[in-house]
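Asker: Here's the letter readout for the chains.
Protein chains: 2
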Amino acid sequence: MEAEMEQQLAPLRARCKEQGDLVRKLKADGAPEIDVKKQVQELKNRKKELEDMVLKLSPPDNFDRAKMTDLIKRRFFYDNSFAIYGGITGQYDYGPMGCDLVDNMLAEWQKHFVIQERMLKVNCSILTPEPVLKASGHVDKFADYMVKDVKTGECYRLDHLIKQHFEKKRADKKTTNEEKEALDRKLTLLEGMTMEEMNKIVKEYAMKSPLTGNDLTDAVEFNLMFPISIGPSGSLKGFLRPETAQGIFVNFKRLLEYNQGKLPFACAQIGNAYRNEISPRSGLLRVREFTMAEIEHFCDPDDKSHPKFNQIADTEMILYSGCAQMDGEPAKKMTIGEAVHGGLVANETLGYYMARIHQYLIKIGISPKKMRFRQHLSNEMAHYACDCWDAECLTSYGWIECVGCADRSAYDLGQHTKGSGVKMCVERPLKEPILVDSVVAVPEKGIIGKTFKKDAKAVQEALLSLSSDEAEKMDKALNDSGEYQLNGFKLTRGMVPSFKREQKKVYVEDIVPSVIEPSFGVGRVFYALLEHSFRVRENDEKRTYFSLPAVVAPIKVSVLPLSNNQEFMPFTSQLADALTELSLPVRVDDSTGSIGRRYARTDEIAIPFGVTIDFDTVNNTPHTVTLRERDSTEQVRMPIEEVPVTVRKLADGKIKWSDVTSKWPKFTAQETTK
Amino acid sequence: MEAEMEQQLAPLRARCKEQGDLVRKLKADGAPEIDVKKQVQELKNRKKELEDMVLKLSPPDNFDRAKMTDLIKRRFFYDNSFAIYGGITGQYDYGPMGCDLVDNMLAEWQKHFVIQERMLKVNCSILTPEPVLKASGHVDKFADYMVKDVKTGECYRLDHLIKQHFEKKRADKKTTNEEKEALDRKLTLLEGMTMEEMNKIVKEYAMKSPLTGNDLTDAVEFNLMFPISIGPSGSLKGFLRPETAQGIFVNFKRLLEYNQGKLPFACAQIGNAYRNEISPRSGLLRVREFTMAEIEHFCDPDDKSHPKFNQIADTEMILYSGCAQMDGEPAKKMTIGEAVHGGLVANETLGYYMARIHQYLIKIGISPKKMRFRQHLSNEMAHYACDCWDAECLTSYGWIECVGCADRSAYDLGQHTKGSGVKMCVERPLKEPILVDSVVAVPEKGIIGKTFKKDAKAVQEALLSLSSDEAEKMDKALNDSGEYQLNGFKLTRGMVPSFKREQKKVYVEDIVPSVIEPSFGVGRVFYALLEHSFRVRENDEKRTYFSLPAVVAPIKVSVLPLSNNQEFMPFTSQLADALTELSLPVRVDDSTGSIGRRYARTDEIAIPFGVTIDFDTVNNTPHTVTLRERDSTEQVRMPIEEVPVTVRKLADGKIKWSDVTSKWPKFTAQETTK
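Taken in order, these protein sequences are the chains called A and B. Mapping the first sequence onto full-length UniProt numbering, position 286 (from 1) lands on 286, and the numbers just tick up by one. Mapping the second sequence onto full-length UniProt numbering, position 451 (from 1) lands on 451, and the numbers just tick up by one.
It should be emphasised that the hints constitute simulated quantities derived from the structure, not laboratory data. Each residue gets a CB set at the ideal place from its N, CA and C atoms; glycine is no exception. Just to be clear, a hint being listed does not mean it is correct.
[As the list claims (entries may be wrong)] Sample of chain A residues lacking proximity to chain B, with all beta carbon distances greater than 10 Å (derived): (1) P60; (2) D100; (3) E257; (4) V422; (5) L435; (6) Q574.
[Unchecked claim] With a straight-line cut-off of 16 Å between C-alpha atoms, the simulated EDC-like cross-links for lysine to aspartate or glutamate are: (7) K111/A - E257/B; (8) K304/A - E316/A; (9) K262/B - D590/A; (10) K111/A - D590/B; (11) K163/B - D144/B; (12) K111/B - D577/A; (13) K111/B - D590/A; (14) K308/A - E444/B; (15) K308/B - D577/A; (16) K262/A - E18/B; (17) K73/A - D590/B; (18) K111/B - D103/A; (19) K67/A - E581/A; (20) K654/B - E581/A.
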């Protein structure tokens, strides 16, 4: 069957390779950037064609999004914000289940990354003044193209609109094959188009506003940041931050000092970020308010080895390299050790984080079969990144980017040095001290004092902080013209009669650290996790549930008295209290309804373990109860006082369910929801 | 000494009581509100006079804010945001220490409240559309008075400006006693003044802009919310939320359903909120971006008893009742049981939360001697609150409100019912079913169908959803005039020829729940905690540290090799790894410098336990190390492999330091920082 599938894919793979080779050739020949860009866009399109076919031919996993959405809304994992006021697109409120699941994912993230790797952590302001985001590039470049309905003012993202329009036109029976091909060609080029090219398309196809049929305005660049005015005067412009990373960069000097001036070190931040999407959609995947968890690992640009790389070198991962993408090859399973040593992944530190990301995602319940690391094609990469891999998860929306992992080189610190005038670097000891030529101004303090009076001190300080190059330049200028402008002060030869020249021994050099950045879109990981863990019970398709690992499950254990018989009450409440005492979130369900029906309710909210209090509990000593595991629905019978510690260990992953079944006798009872 | 102090306070207490009695009398006589308000303001002023004197006469605790601030900045607990870009007032970044401390405070908060009380939890949008905050009252009432410098546009909060101006004028030697008295009188009334009254003062005293001497504009009301435009069109107005509570209220129906329709239940939310302060000051106490942790406990308005009240009834707390404030009496220590049963605290649920707040604050390290619960004077209370108590902490800024605890009655749900048109209530079973008169329209479907065509269905539905009162009114109108307007449709007798009257048995009634709201200002609790735990070592005033309880301390344990001798290395790294394995945040300090100096560094960042690896560790078997406790600086000698579990238990509060010293031999060595 796989062979048959490969046969169908072969021509698509060949189409990719053909185009990949063309791109390679153009690059090798030094073709103009615009030509390369167009061909890369065509390459991406063929890749997508291939990928769509792979998904189409893969055995279906029967995932039913409508069923899952129903469960998510019904048990309030998350839902539209402000629904009683009509709701608002692109914003979601997390209910008790969603909120706890995210919190548990993040608690595990902190253990896995922050504590295990002894990272620093910060929590920085979300209201960000404009100069910071000017320096980072967001003010100028963080934009989409937008058009408006000239009458209603309704806004549309232009690329989405063109795509919709073309797809509709393509489906129209009156469209000739020739026209269809033209549409396809243009669709292929859409992602790389300039604003002018898109405007031309709007005119050429006489596109109108889709809801009203009104004319559309010309496109404008719409910056995705939310502008905000800080303070009452209106003069301090700022934005809600579009990512958490910048807060770490602007604190670099404090963090370096905290780390006693040494590299490498990493700093993490979890927090909200905001993007004013033109037309949010795809549920949690494109929203205006979201949580990020980012790490900035600062290291020596000339030494990106990692001391713990060997510990993770054997981790097997599915890697979808840039090369494979260009050749129409599938993603490949390999160890991260092979990938780094073979030069596929740029360096050990980047590889180390990729493996740790992989381990984390599996730990919280992402399916390893529906996860891959895709390397950015060189033109996709932000211009500063040396190498960049996205952890992608397969969902009913296709492969979605959940975690980015990039080597951003010295870009960000460099930008903030330029923007703020504050130097962001680290002193690196030289292997051997070197001699450097030093030129230092020797000022005539008396004259400077008389001439500049209260400014004299500032002038003296400016003279002493001159670099050797600047001092040399000044000496020359004073020789040539007798004058030199320094910070707005006019200096003459008389004020600086001489310059001292000597050789100085230097033991350190200033370097700008490189940054490796793992960046998690928490809402996207959360959503992928829900899809990957959504299950329907065999033989009963109404019984849906989430098979979340105990470590992230919102509630760890349920306590269900068999009926509302008064005799069960003391056992129920004592057990619930004992579980709570161990900080285990517990749910007591003493409502009427069969045990089976109540288990189905606890399954829906992913409670991994359930305890039933029955007549044997009351009548026998030692008092025993049944303990049930959600996924297998297996049950054991065990003494009630053993339950709390056992569940605590299960929830912490210290023991497995098989340890429980091998210790206590199995309990068999038919589970019915009738 | 205390008697002497009381003697000095007696006249001030009497002045309070005199004024308190006057206020009581005015209220009893039904005096006009404006008169009562003025006298209450005078009462508050006398209270402040008394309080200031109490603080002045109390034995000094030698707290040195400058010293603490130095430590906080030097070890990056928190600092001004965006300092490399010149910084920004009212915004702070939390560094590794502050960030972990806040996280640990919140983790403990979740255990103490959310898990122990089995609360629900939500995480709602911060971007909030205008109608939501219109309903809550924030759009109309959440404002301060502001004036501007007419030339520079610099903004000032007018009440602050008047206070400054009066204080300066009062200190002026040229001011006569008569003038001084007038100033005092006005200052007394300041807090209750209208905008017009304040404007009059600006004119009367010819007040100018304090920095430039320019004229000031007339005052305007400045809303403290940050306005924001959601989406690209600019037509969807919103704000950054000014508190987290509204997110819970708008989700009330979902939460009730999640709780299977039953009262009582509580829902918690932790998250950011924003206030665009006109002139932020006092460090973390008045900022523009802050974290809140709020709980909304929904309960039956006619039954505010609490099932666990007995468990906390004996908690002793310092209560500063409204009565005591009016009588010039000091705050009183009493049990919450006495307070509730004596009627001082309005009900058990409110009292239960006050006691739980008290326990929480003590658990994380707030000094019980510097904490009190102050009851709002009735006029201070928001008009919807039945009873409200603030947990206040004494700091170098005086008593500051850290946690509010209010019975808000049905106010918020009522407002959102009005604002959204969605009914927010709970069905309460009646003790006995009652008979109610029911009037139901009996429409003539044929005529309605012919008359209204496609609208016929809407008309039918409107008829069926009429309340009995409305139906009665309609029947009468049709009798009187033959016509009735219903949702814009004109109905005639022919369409509704008759109304069915019957008695119906009803088993439930709709009630709007009451809300009890504990609301934590996390940054304020954090700041008070730092002040309360700041210490200076006896005999060495340069050694400052924070005596934070292990449960909230950012790093739990340090590992210090005696020197950089290679032999220590394997022990250091193995121990550090074993501690990390138990999820204990650990700090290895293998820098040069004496052990004493390194301990001083770990004390500064509040690390409660420290391990030293020395030659006895290397040379003896079993390998032993010293374990040191921060506050007492006591040390014991113990086997290295016992350390991780021992520290884990200490950090979780499962054992005390005295358990450690009674188990292992004391180790004595002089601690020197030389």
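Asker: Among all the numbered hints in the text so far, which are the ones the structure does not match?
Answerer: 2, 3, 4, 7, 8, 10, 13, 14, 16, 17 and 19
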